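Undergrad: As a plain string of letters, each chain reads:
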Amino acid sequence: MSELTKTTLTRAELVEAYHQMVLIRRFEEKCKELYNARKIGGVYMHLYSGQEATGVGAVKALKPTDHVITSYRDHGIAIAKGSDVKRLMAEMLGKRTGVSGGKGGSMHLADVSVRMWGGYAIVGGHLPLAAGIALKSKYSNDGDVVLCFVGDGATNNGYFHEALNLSAVWDLPVVWLIENNLYGMGTPVEVASGQPELHKRAIAYGMQDFGRVDGMDFFAVYEVAQQAVEYARTTGPALIEAITYRYEGHGVSDRIYMKRVEEMRAYQQRDPLLIMEKKLRELFPDIAPELAQVESAAAAAIEEAVRFAEESPVPTAEDLVRNVYA
Amino acid sequence: MAERNIPMREALRAALREEMIRDERVFVMGQEVGAWEGTHKVTRGFLDEFGARRVRDTPISEMAIVGAAVGAAMAGLRPVAEIMTINFAFLAFDALINHAAKARYMFDGQFKVPMVLRAATGWGNQATATHSHTPEPIFAHFPGLYLGCPSTPADAKGMLKAAIRDDNPVLFTEVIALYPKPGLVPDDPDFVLPIGKGDIKRAGKDVTIVSYGRGVEWSLEAAEILAREGVSCEVIDVRWLRPLDLPLIFESFKKTNRCVVVEESLPFYSFGSEIAAQLQEHMFDYMDAPIKRVSAMDVPLPYAKEIELMALPDAHKVVAAVKEIL
Amino acid sequence: MAEVVKMPMLGATMREGTFINWMKDVGQRVQAGEVIAEVEADKATIEIESPFSGVLVEKLVSAGDVVSVGMPLARIETTNGGTSPAASPAAVAESAPIAPTAKPEPASALAAAPGAPAQLDPHLPDGVRASPLARRIARERGIDLRAVRGTGPGGRITKSDVERFAPAAVRQVAEAPSAPPRAPERALPSGEGIVHEPVSRMRQRIAARTVESKTTIPHFYLTSEVDMAAALSLRKQINEGLPDDEKVTVNDMIVKAAALALRKFPNLNSHFYGDTLVRYQYINIGIAVALPGGGLVNVVARNADQLSISQLAKRNKVMFANAREGKIKPEDIEGATFTVSNLGAYDVEHFQAIISPPEAAILAVGAVKQVPVVVDGEIRIGTRMKLSLSVDHRVSDGAEGASFLKALRELLENPMRLLV
Chain R
1 MSELTKTTLT RAELVEAYHQ MVLIRRFEEK CKELYNARKI GGVYMHLYSG QEATGVGAVK
61 ALKPTDHVIT SYRDHGIAIA KGSDVKRLMA EMLGKRTGVS GGKGGSMHLA DVSVRMWGGY
121 AIVGGHLPLA AGIALKSKYS NDGDVVLCFV GDGATNNGYF HEALNLSAVW DLPVVWLIEN
181 NLYGMGTPVE VASGQPELHK RAIAYGMQDF GRVDGMDFFA VYEVAQQAVE YARTTGPALI
241 EAITYRYEGH GVSDRIYMKR VEEMRAYQQR DPLLIMEKKL RELFPDIAPE LAQVESAAAA
301 AIEEAVRFAE ESPVPTAEDL VRNVYA
Chain E
1 MAERNIPMRE ALRAALREEM IRDERVFVMG QEVGAWEGTH KVTRGFLDEF GARRVRDTPI
61 SEMAIVGAAV GAAMAGLRPV AEIMTINFAF LAFDALINHA AKARYMFDGQ FKVPMVLRAA
121 TGWGNQATAT HSHTPEPIFA HFPGLYLGCP STPADAKGML KAAIRDDNPV LFTEVIALYP
181 KPGLVPDDPD FVLPIGKGDI KRAGKDVTIV SYGRGVEWSL EAAEILAREG VSCEVIDVRW
241 LRPLDLPLIF ESFKKTNRCV VVEESLPFYS FGSEIAAQLQ EHMFDYMDAP IKRVSAMDVP
301 LPYAKEIELM ALPDAHKVVA AVKEIL
Chain A
1 MAEVVKMPML GATMREGTFI NWMKDVGQRV QAGEVIAEVE ADKATIEIES PFSGVLVEKL
61 VSAGDVVSVG MPLARIETTN GGTSPAASPA AVAESAPIAP TAKPEPASAL AAAPGAPAQL
121 DPHLPDGVRA SPLARRIARE RGIDLRAVRG TGPGGRITKS DVERFAPAAV RQVAEAPSAP
181 PRAPERALPS GEGIVHEPVS RMRQRIAART VESKTTIPHF YLTSEVDMAA ALSLRKQINE
241 GLPDDEKVTV NDMIVKAAAL ALRKFPNLNS HFYGDTLVRY QYINIGIAVA LPGGGLVNVV
301 ARNADQLSIS QLAKRNKVMF ANAREGKIKP EDIEGATFTV SNLGAYDVEH FQAIISPPEA
361 AILAVGAVKQ VPVVVDGEIR IGTRMKLSLS VDHRVSDGAE GASFLKALRE LLENPMRLLV
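Chains as they are written, first to last, in my numbering: chain R, 1 to 326; chain E, 1 to 326; chain A, 1 to 420.
Only true hints are included.
On the chain E side, residues computed to face chain R include the following (Cβ under 8 Å):
(1) Pro-59
(2) Val-70
(3) Gly-71
Each pair of labels, with its calculated beta carbon distance range:
(4) Gly-230/E / Pro-122/A: 36 to 42 Å
(5) Arg-29/A / Val-321/R: 49 to 55 Å
(6) Phe-220/A / Pro-290/E: 41 to 47 Å
(7) Ser-160/A / Tyr-44/R: 54 to 60 Å
Keep in mind that the hints were calculated from the coordinates and are not lab data.
Note that the coordinates shown come from a computational prediction; the quantities given were computed from them, not determined experimentally.
Even for Gly, the Cβ is constructed at its ideal location relative to N, Cα and C.
Please work from the sequences and hints to get the whole structure.
TA: Set out below in structure tokens:
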């Protein structure tokens, strides 16, 4: 547990963070509902429910001009970085008004206007991209940092090794945040990794290791992310491992995650929204009306997003061939 | 403007140097581009002239080299990355195909990817199976990427400059055997040859020979031999495999009604296959003979010189192919 | 299982035709070899036989449709696995060019002839190996590729072969059955009292062939008069006691006489193919037959010199009847080496006919008439007929043509020689 005294966030900022976490949860619940209703198509949809504290906590440590990039479990990160849920929902429904014009779908939500460079669906593929974006910051000395979310599964392919090493030898301003949700698809981290304490990989690259953090606790994540971001901005790459849990399994094809009932129950008792709400009540005894307001605002925003998405046009034949080349 | 007689490697060097002087965002990165001055000495003197910020040695990390170039390009730089030889580009296939070529499309044009990936290509001097690829057609398969391969020093300069100035990802391959071959090259720092424009390297009327890279040399040699026998060959250097200058090929074919495709690479699913398919599809009624392909034999290249050469095309094989369809 | 009946290749040059009508309805049983439909081709109505036994389950084309070779026409459910005895359903379905009514000419006339341009291969379009470009040029210029000698690899006909074959004059003629020659600058008149009608396939064909003939063949014409008294008297004797369907006509006698005469004049029995003269060691006489609906076809009397006069007469009768009823088969109208056109029945005194390319000559026959003739200084009534021979000057000369006419006249004036 982190110490509250160390947070530099104001009450308003904390409520806003809580709002984003609730918004993510409601967004994902709605996505599941729409997928089951076949309004969201495709075979790939990876929900962020359970991991909200990691995404929001880390992004809150960034300046608006800092960059984020992530894997295909990207809905929550896009919301955390401030992308419009209407356009995100429209993308989920494959609409022209979606952030990626209906051409990316669930796994490829990008919103460059808020410096969210996208979700990428080849495991590890976005890691060198993060290094490249960080290189741009270093090259032009603009002081911006890249926060790159990395699934635990990605730590075992070559991209991880090459990108982290390159960031180290070039002293790039990038924070590698491993979201360790315990499974790479269905395979437990202990089965996949010789060294299951993934943050220790930092040692191999001579990189600053910011250790393992409780990814269900917004405050804990925020605190360590703040330190890591500051380190990246001034010195070089940093690595954090957040232990978290996904409530909805790997993706819509996951048929085994429900069997891990006890584990799921244990994590749900430490639900990031519950933890955050409890802390906010401790910190600010009169906050109840604001929290109720957050709930209703989130519900309304999701409802509006769905309406916007459903009413939006589908992409055209012109869109099909547009933007293959610049 | 004046012209100088210089080898292709000097022409490439001039193109790179002029573009780096012209545009601060242009930089080079790759294995041995700095202190070593480039495996093929294309970046000779660059580290001294431009410094380590813009002349960046990398680890032997093909995935990271390409991926970081993609990221840097997305963020606004204009990287010219180098992979020592195209044989190693297979390691970076995902970065090149799934990221460089598709990122713009997947996110519906939210950013450009103005990068160039240079790689030496082709067989030579008993380099053996893994180091003797000329695999351009594989990479030209994918929309989103451009692919050029020059056959003369002047083309090398004009094409590389076009690649660097273009806003799209370009794979630029350079035939190892042609690096030392001299030719007249304009000094003009704005000598830019448009992307996708092929070139008639020799005009003729009886047979159209279509080729690129090293194949152009064999084709011209064959045309010379055939001219002594009264056969007039038109030699087309497509220069770009993507975009492919089909109008130029079609115009020539309408005149000659016969075509031989000369390629240094393997015959299956190849450059020759594509040209032949395009001709039969669009020029069927102009066809007066089957389209012939002169390719490497369908085997990996061996070490022993005697059988290595046996497997490869040469001018005499081109002559024989032309005679077969006269 | 359902088999598909495809449009067969009917004759070596036919590519498409117009679907006329179905002879069977959906649901009806058909036997392999049974006629199920009729298609109008260039010169004839062709019966389409089902290669399969079974039930007609679906018609895939209807009247007026243009059907090309290989196009699916119908589906037959072969319930009992009943198929054509000749081939398995699969084999027949796959090899569309097998003609149910018109068998592919086994050894084609052209292929058999010495110096033939190309060996015909039934699996090749038009039976010949040719480049797509050569085919296109041939199509545009109305050149029969079977006549062209290929000099490319494997005997392939290439552009230069076709261009060498076609004299420059031909290039001016846009001959294509689908595009009848019409001066482009001449706008179609239209308005009240004017009706437009598409030119029939046959008319287009005739138009193309005659234009080709008159623009490429240097014709010369010879006319000669024959005393037909003996021939008429012999005919009368022969026909006495013969049933109607075996009775000999004057035309049969002329055809027989022409065939016999041609034996001695091989040039006139040859075809001109640019740099090659194709000589035939057999004599097939084409006989122009006017059709009731307009137009004409040349039915072929094969080996006419070897047939007896009564055999010839019998065959011609059947052939003419078929032609007039539109039931002619492609092989009945292909392969003539020389043509006879007879307008005697129309009381035409004499006329000059247009050579049917690539033939070298054509004989135009006028009416047999009672005319005053001078015999031994006295005017008597004679029986005379005028014959006009049109000859391609590239193949033959005046003296040879005249000698042929003389030989023909001697045969007809001594008609017993037609019987031996």
